[in-house]
Amino acid sequence: MYDVLLPIKFFFRRRITILAVLAVALSVFIVVVVMTVMHGLVLDFREKNHIFFSDCIVSTDSLVGFSLYEEFITQLEKTDFLESASPVIHTFGLVEAETSGRNAALDLMGIDIDRHVKTTGFADSLYYRSDEPTLAFEPEYDANRPGCVVGIDLLVDRQRTGQYSQLSYLPMWSYLITCFPLTPKGTLAKVGTALTANSRTFYYSDNCNSGLAKLDGSVVYLPFNDLQSLCGMDTPSPRANAVYIKFKQGCDIEACTQKVSVLWKDFIGRKKDFPLANLFDTVSVQDWKAYRRGTIAPMEKEQTMLILLFALVGLITVFIIFVIFYMIISRKSRDIGILKSLGVSKLGIVRVFLHLAFLIGFLGSVIGILSALLFLVNINSLEGWLFDKFGFQMWNREIYAIGEIPYQAKPYLLAAVGICAVAACLLGALLPTLNAVRKKCVDVLRVNQL
Amino acid sequence: MTYKNDYILSCRDIYKSYPMGATKLEVLKGANLSITRGEFVAIRGASGSGKSTLLHILGALDMPDRGDVFFEGKDIDSFSARQANEFRNKKIGFVFQFYHLLDELTVLENVLLARMAHSSAVDWLACSAPAKSRAHQLLGELGLSERIAHRPFQLSGGERQRVAIARALMNQPDVILADEPTGNLDSQTGSGILEIFEKLHSVNQTVVMVTHDEKIAARAQRVIRLADGRILTT
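Read top to bottom, the protein sequences are chains W and A.
Last residue of the first sequence: 450 in this note's numbering, with the numbers rising by one and none dropped.
Last residue of the second sequence: 234 in this note's numbering, with the numbers rising by one and none dropped.
Bound-form chain W, shown alone (with noise of 0.2 Å):
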């Protein structure tokens, strides 16, 4: 009983095991804050990426493409966990502003814009024809003219805090898009002995705002037809690099992922005689996780770093709790000379202190998960106000291409990072007091009374 009675005393009437509380709910204030945070970051990246590019990928690293794609997609619509499917062309192009005579080189995305908005959430990173996604690529102004939809950070400045400064009108601006369009054998194709390209001239319909600062800042997107003809992939054996896939809502993504394996080989294996069947070695079938894995994966990667990190900050606070521990442990030391008159064993000592030091990393890790969720709550609109006041912003907004600053308070994690804390303030008192059990009753007491 006195294992119980006593930490709660010396818990109560020790102000340094006050100070201990603090330095732990501190140490988990921290932890979380940060933690959350970035775990927010990275699950929110995760998500527009899941967004942007549907559950499943049927792709090709190739610019030639492949062929039988509609194909593919008849057959996979006969499945019973196909939501929709949606046939993509990446390449990259010359893109001329016709106004300002500017020019760059981007990446070209063309979409079949009806399939597409089916099967990703493109239709919520448009802005002026976000009610009407299907008419993307038709200009408010001008339905007749071809339309583009340009990414966001290539035509529309950021603002600090976050915002686009959008045009209320849609600006009739045009581009010169050029391709070079390849054989199915991957070389240029030739007009007689000159190299041909392809050029067209297209209007800005709408901007394209996915949250994914390297696509909005390097993406044109074009009816597919239309891109299809400018790479010269509009042959008998029309050709495309890419089919997104959206599977019905609740099926599990991998083993869905992994039907569509199995029916791509299925398919391939029928067409072995197909005069392009070449062009199917390089196409890899991927849930959306792996084929953005280059792009997630730096980002998880730098999370891990941060968790690292902050297991040295979970180190501090075992060292943090070791010196307050042994500062109270050798104010103690006349106590566990008493308590060994008492006839209490070493272990039963050892107890007292564990159950302090519990009691110390459960109070901490309890404030501590407390004022974190708090201050998480609170923490973009008071970053608002600070950034009103002072001008401060914890990520410029007109680099980082965040609105809101995300957090994810997982109950897991929180129970983790408690539990972390608890262990930490077990691991920093179990020392001190191995060190104040060794020491002989007598000389204990003895030294207390000189």
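Worth double-checking, as some hints may not be accurate.
Stated by the list, open to error - Quick list of in silico lysine to aspartate or glutamate cross-link-like pairs, EDC-like style, CA-CA up to 16 Å:
#1 346(W) <-> 62(A)
#2 440(W) <-> 65(A)
#3 346(W) <-> 86(A)
#4 248(W) <-> 80(W)
#5 9(W) <-> 103(A)
#6 29(A) <-> 13(A)
#7 259(W) <-> 77(W)
#8 289(W) <-> 254(W)
#9 440(W) <-> 62(A)
#10 48(W) <-> 300(W)
#11 185(W) <-> 61(W)
#12 24(A) <-> 228(A)
#13 439(W) <-> 62(A)
#14 9(W) <-> 109(A)
#15 9(W) <-> 104(A)
#16 185(W) <-> 281(W)
If you're looking for bench data, these hints aren't it; they were derived computationally from the structure.
Put chain A on the given structure of chain W with help from the hints.
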């Protein structure tokens, strides 16, 4: 090993030394002592003569370099750690010169601590009521009824020593070992503490008291003189 069962506490050829740098300070050099149940014994000696060391060895707070200590004929050196803890808790009650009360606990809690030391939380639920009743009774007998909720720093020296005596008596020990119990008190208050020991002796409680003061030692039933690490007279 057993030895002279008619003594409650005895020791034979006790040697004890402490390291002092490269040399050893020999404190006890073959001390022999026997105490019968119900005796009030004073161990008197000059400062540094080894009286406190002998008391600690008798109470199993310290171990001799050589020699044997017997409690009711049993060699306490043969006790396991658990048995030694139980021996200190149930058979011996210590009273120290500097009281050694826990500052964070109230008077009542300090007294109850002796009982708690060998009770789990579950046991305590069953025995807390009689334990509290005994603690109240002891504190009442020692004139501390009004002080049970106070903490040690709120008490006078004499009151603190009476709390320490109540704690020592809490588990109805066979022997009270008191190390200079009046050493930190004025003569009047010290005399009050000695009266308590005399009363305890009158009800057949064994008390072994260490003191350097001849007058205080004279109030005991028997005086043992310790000099140069040996018992000189009994």
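Cross-check of the supplied hints:
1. 346(W) <-> 62(A): Holds - the C-alpha atoms of residue 62(A) and residue 346(W) are around 15 Å apart, at most 16 Å.
2. 440(W) <-> 65(A): holds, 15 Å
3. 346(W) <-> 86(A): holds, 13 Å
4. 248(W) <-> 80(W): holds, 8 Å
5. 9(W) <-> 103(A): holds, 10 Å
6. 29(A) <-> 13(A): The given pair, whose Cα atoms are some 7 Å apart, holds under the 16 Å limit.
7. 259(W) <-> 77(W): Distance of about 13 Å is within 16 Å: holds.
8. 289(W) <-> 254(W): holds, 10 Å
9. 440(W) <-> 62(A): Between residue 440(W) and residue 62(A) the Cα gap is close to 8 Å, so the pair holds against 16 Å.
10. 48(W) <-> 300(W): holds, 15 Å
11. 185(W) <-> 61(W): holds, 14 Å
12. 24(A) <-> 228(A): holds, 15 Å
13. 439(W) <-> 62(A): The given pair, whose Cα atoms are some 11 Å apart, holds under the 16 Å limit.
14. 9(W) <-> 109(A): Answer holds: residue 9(W) to residue 109(A) is near 10 Å, not above 16 Å.
15. 9(W) <-> 104(A): holds, 6 Å
16. 185(W) <-> 281(W): Holds - the C-alpha atoms of residue 281(W) and residue 185(W) are around 13 Å apart, at most 16 Å.
Going down the numbered hints, you'll see the structure goes against none, and every one checks out.
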